[in-house]
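Let the sequences and hints guide you as you build the complete structure.
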Amino acid sequence: MKLAVVGDQEFVTGFMLAGITDLYEVKDEKQLVEAIRELLNRKDIGIVAVQQELMKKLPTYLKREVYESVEPTFIAVGGSEEVVEEIREKIRKAIGVDLWK
Amino acid sequence: MPLLQVQPTRMELIKLRRRIKMAQRGHSLLKMKRDGLIMEFRQLLAEAKEAIDRMIEKYKVARQKLALAEAVDGSVAIRSIALACCQVQPQFTIMRKNVMGVVVPVVKRERIKKKIIERSYGVLSTSIRLDEAVEAYEDLIDSILEVAEIETTLRKLLEEIEKTKRRVNALEYRIIPSMIETARFIAFKLEEMDRESRIVLKKLKSKKEKVKAL
Numbered sequence: 030m031k032l033a034v035v036g037d038q039e040f041v042t043g044f045m046l047a048g049i050t051d052l053y054e055v056k057d058e059k060q061l062v063e064a065i066r067e068l069l070n071r072k073d074i075g076i077v078a079v080q081q082e083l084m085k086k087l088p089t090y091l092k093r094e095v096y097e098s099v100e101p102t103f104i105a106v107g108g109s110e111e112v113v114e115e116i117r118e119k120i121r122k123a124i125g126v127d128l129w130k
Numbered sequence: 531m532p533l534l535q536v537q538p539t540r541m542e543l544i545k546l547r548r549r550i551k552m553a554q555r556g557h558s559l560l561k562m563k564r565d566g567l568i569m570e571f572r573q574l575l576a577e578a579k580e581a582i583d584r585m586i587e588k589y590k591v592a593r594q595k596l597a598l599a600e601a602v603d604g605s606v607a608i609r610s611i612a613l614a615c616c617q618v619q620p621q622f623t624i625m626r627k628n629v630m631g632v633v634v635p636v637v638k639r640e641r642i643k644k645k646i647i648e649r650s651y652g653v654l655s656t657s658i659r660l661d662e663a664v665e666a667y668e669d670l671i672d673s674i675l676e677v678a679e680i681e682t683t684l685r686k687l688l689e690e691i692e693k694t695k696r697r698v699n700a701l702e703y704r705i706i707p708s709m710i711e712t713a714r715f716i717a718f719k720l721e722e723m724d725r726e727s728r729i730v731l732k733k734l735k736s737k738k739e740k741v742k743a744l
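Protein chains in written order, with our numbering: chain A, 30 to 130; chain Y, 531 to 744.
FYI, nobody ran anything at the bench for these hints, they're computed from the structure. Ideal Cβ positions, reconstructed from N, Cα and C, are used throughout, including at glycine. Be aware that a few hints might be false.
[To be verified] Chain A regions said to be covered by chain Y (calculated; three or more residues, Cβ under 8 angstroms): (1) 42-49; (2) 75-87; (3) 104-117.
[Stated by the list, open to error] The calculated lysine-lysine pairs, modelled on PhoX-like cross-linking and capped at a C-alpha distance of 20 angstroms, are: (4) Y:590 x Y:579; (5) Y:579 x A:119; (6) A:72 x A:31; (7) Y:693 x A:122; (8) Y:693 x Y:563; (9) A:59 x A:92; (10) Y:545 x Y:719; (11) A:31 x Y:638; (12) Y:579 x A:122; (13) A:85 x Y:590; (14) A:122 x Y:695; (15) Y:686 x Y:627; (16) A:92 x Y:686; (17) Y:561 x A:122; (18) A:59 x A:86; (19) Y:695 x A:119; (20) Y:686 x Y:561; (21) Y:561 x Y:695; (22) A:119 x Y:693; (23) Y:686 x A:122; (24) A:85 x A:59; (25) A:56 x A:85; (26) Y:627 x Y:638; (27) A:122 x A:92; (28) Y:686 x Y:563; (29) Y:563 x A:122; (30) Y:561 x Y:693; (31) Y:563 x Y:627; (32) Y:638 x Y:686; (33) A:119 x A:85; (34) Y:563 x Y:551; (35) Y:638 x A:72; (36) Y:686 x A:119.
Rendered as structure tokens:
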């Protein structure tokens, strides 16, 4: 299984240095959608790290698909608490209380 | 509650009572399963929080170190080094584990950290800042894999919890009450039929007696 990375140039460079080869450098939303679509269909990728700012920009229909997909698993990577926003919402829906805090 | 479509016979009543009992047993089992899942989930949640916080922290550090390296060595230089080093991929395998009937992935991580000499850029021609940045990113990748595992597990558990909850509620508020109602309906109907036939018998008897008396 391999790790793939989706992000802007700065984001991707660091992972490139660490030896990741499946990098998707995206400049605008169109490229982002294309990259995500391709990743959803790839069988050899196990985990996809997506820049958190880009995760927010995804169109709604794709967002749902991304969050529901298990293989590959999409993970928002970023420097703030917002990476957990979606899963928090899900917990609230399934259990009825916000267990996160 | 809507009634089920049944014939009001004694056999049907017996069958229905049996079904009610079974549904009630299933309901209590499912309830226990739901509680168990939620307990499991809460334990995992604490772990997840820690892992995600760790990842956020590592991301910040990595970003900083890379920025520093770019500032000192020039982003073009860093970029060209980055483009050159694509040989050693971090490897991991995904296995499956069973948590209360939910299949969750377990990520087996191996050898994400490399020694300096194993990195594919020249050690002599680059600065220590770059080495540090690379190390920070390797650290971050490790952390990402960890988070990926936990987050997927959380998601799967949530799905299962939701499903179980829906089943419990359907049984509790819909299926069992409507079956009980139906059973009661059949019981009433049977009683009614009983009374009716008794009246008929009485009528017949009195008629017979009248004929005899004549």
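So, going through the hints one by one against the coordinates:
1. Counting residues of the region 42-49 of chain A whose beta carbon lies closer than 8 angstroms to any beta carbon of chain Y gives 8, which reaches the threshold of three, so the coverage claim holds.
2. Beta-carbon proximity to chain Y at under 8 angstroms applies to 3 residues in the region 75-87 of chain A; the threshold of 3 is reached and the given coverage holds.
3. Here the region 104-117 of chain A counts 9 residues with a CB under 8 angstroms from a CB of chain Y, which clears the bar of 3, and the coverage holds.
4. The straight-line distance between the Cα atoms of residue 590 of chain Y and residue 579 of chain Y is roughly 17 angstroms, inside the 20 angstroms bound, and the hint therefore holds.
5. Taking the CA atoms of residue 579 of chain Y and residue 119 of chain A, the gap is near 15 angstroms; set against the 20 angstroms cutoff, the hint holds.
6. Restraint check for residue 72 of chain A and residue 31 of chain A: the C-alpha separation of about 10 angstroms stays at or below 20 angstroms, so the hint holds.
7. For the proposed pair residue 693 of chain Y and residue 122 of chain A, the alpha carbon gap of about 12 angstroms is at most 20 angstroms, so the pair holds.
8. Pair hint residue 693 of chain Y plus residue 563 of chain Y holds up; C-alpha atoms about 11 angstroms apart against a cutoff of 20 angstroms.
9. For the proposed pair residue 59 of chain A and residue 92 of chain A, the alpha carbon gap of about 14 angstroms is at most 20 angstroms, so the pair holds.
10. Restraint check: the Cα-Cα separation between residue 545 of chain Y and residue 719 of chain Y comes to about 16 angstroms, which is no more than 20 angstroms; the hinted pair holds.
11. At most 20 angstroms may separate the alpha-carbon atoms for a hinted pair to count; residue 31 of chain A and residue 638 of chain Y meet this at roughly 12 angstroms.
12. Straight-line distance between C-alpha atoms of residue 579 of chain Y and residue 122 of chain A comes to about 18 angstroms, which keeps the hinted pair within the 20 angstroms bound.
13. A hinted pair counts as satisfied when its Cα atoms are at most 20 angstroms apart, and residue 85 of chain A with residue 590 of chain Y qualifies at roughly 19 angstroms.
14. The straight-line distance between the Cα atoms of residue 122 of chain A and residue 695 of chain Y is roughly 11 angstroms, inside the 20 angstroms bound, and the hint therefore holds.
15. Our distance criterion of 20 angstroms between C-alpha atoms is met by residue 686 of chain Y and residue 627 of chain Y, whose separation comes to about 12 angstroms.
16. Of the pairs offered as hints, the one joining residue 92 of chain A and residue 686 of chain Y holds, with about 17 angstroms between alpha carbons and a cut-off of 20 angstroms not exceeded.
17. Using a Cα cut-off of 20 angstroms, the hinted pair residue 561 of chain Y and residue 122 of chain A holds, with the two alpha carbons roughly 18 angstroms apart.
18. Among the hinted pairs, residue 59 of chain A with residue 86 of chain A is consistent with the structure: their alpha-carbon atoms are about 11 angstroms apart, no more than 20 angstroms.
19. At most 20 angstroms may separate the alpha-carbon atoms for a hinted pair to count; residue 695 of chain Y and residue 119 of chain A meet this at roughly 14 angstroms.
20. For a cut-off of 20 angstroms, the pair hint linking residue 686 of chain Y to residue 561 of chain Y stands: about 18 angstroms separates their Cα positions.
21. With a CA separation close to 8 angstroms, the supplied pair residue 561 of chain Y and residue 695 of chain Y stays within the 20 angstroms bound.
22. Our distance criterion of 20 angstroms between C-alpha atoms is met by residue 119 of chain A and residue 693 of chain Y, whose separation comes to about 13 angstroms.
23. Restraint check for residue 686 of chain Y and residue 122 of chain A: satisfied, since their Cα atoms lie roughly 14 angstroms apart, inside the 20 angstroms limit.
24. Distance restraint check for residue 85 of chain A and residue 59 of chain A: the Cα-Cα separation of roughly 14 angstroms lies within the 20 angstroms cut-off, and the hinted pair is therefore satisfied.
25. The suggested pairing of residue 56 of chain A with residue 85 of chain A holds, with an alpha-carbon distance near 15 angstroms, which does not exceed 20 angstroms.
26. A C-alpha spacing of about 12 angstroms is found between residue 627 of chain Y and residue 638 of chain Y, which places the hinted pair at or below 20 angstroms, so the restraint holds.
27. Distance restraint check for residue 122 of chain A and residue 92 of chain A: the Cα-Cα separation of roughly 17 angstroms lies within the 20 angstroms cut-off, and the hinted pair is therefore satisfied.
28. For the proposed pair residue 686 of chain Y and residue 563 of chain Y, the alpha carbon gap of about 15 angstroms is at most 20 angstroms, so the pair holds.
29. Between the alpha carbons of residue 563 of chain Y and residue 122 of chain A the distance comes to roughly 18 angstroms, so the proposed pair stays at or under 20 angstroms and holds.
30. Straight-line distance between C-alpha atoms of residue 561 of chain Y and residue 693 of chain Y comes to about 12 angstroms, which keeps the hinted pair within the 20 angstroms bound.
31. With a CA separation close to 18 angstroms, the supplied pair residue 563 of chain Y and residue 627 of chain Y stays within the 20 angstroms bound.
32. Simply put, residue 638 of chain Y and residue 686 of chain Y have alpha-carbon atoms about 18 angstroms apart, close enough for the 20 angstroms limit, and the pair holds.
33. Pair hint residue 119 of chain A plus residue 85 of chain A holds up; C-alpha atoms about 16 angstroms apart against a cutoff of 20 angstroms.
34. At most 20 angstroms may separate the alpha-carbon atoms for a hinted pair to count; residue 563 of chain Y and residue 551 of chain Y meet this at roughly 19 angstroms.
35. Between residue 638 of chain Y and residue 72 of chain A the alpha-carbon distance is near 18 angstroms, which keeps this suggested pair within the 20 angstroms criterion.
36. Straight-line distance between C-alpha atoms of residue 686 of chain Y and residue 119 of chain A comes to about 11 angstroms, which keeps the hinted pair within the 20 angstroms bound.
Hint compliance for this structure: no hint is broken.
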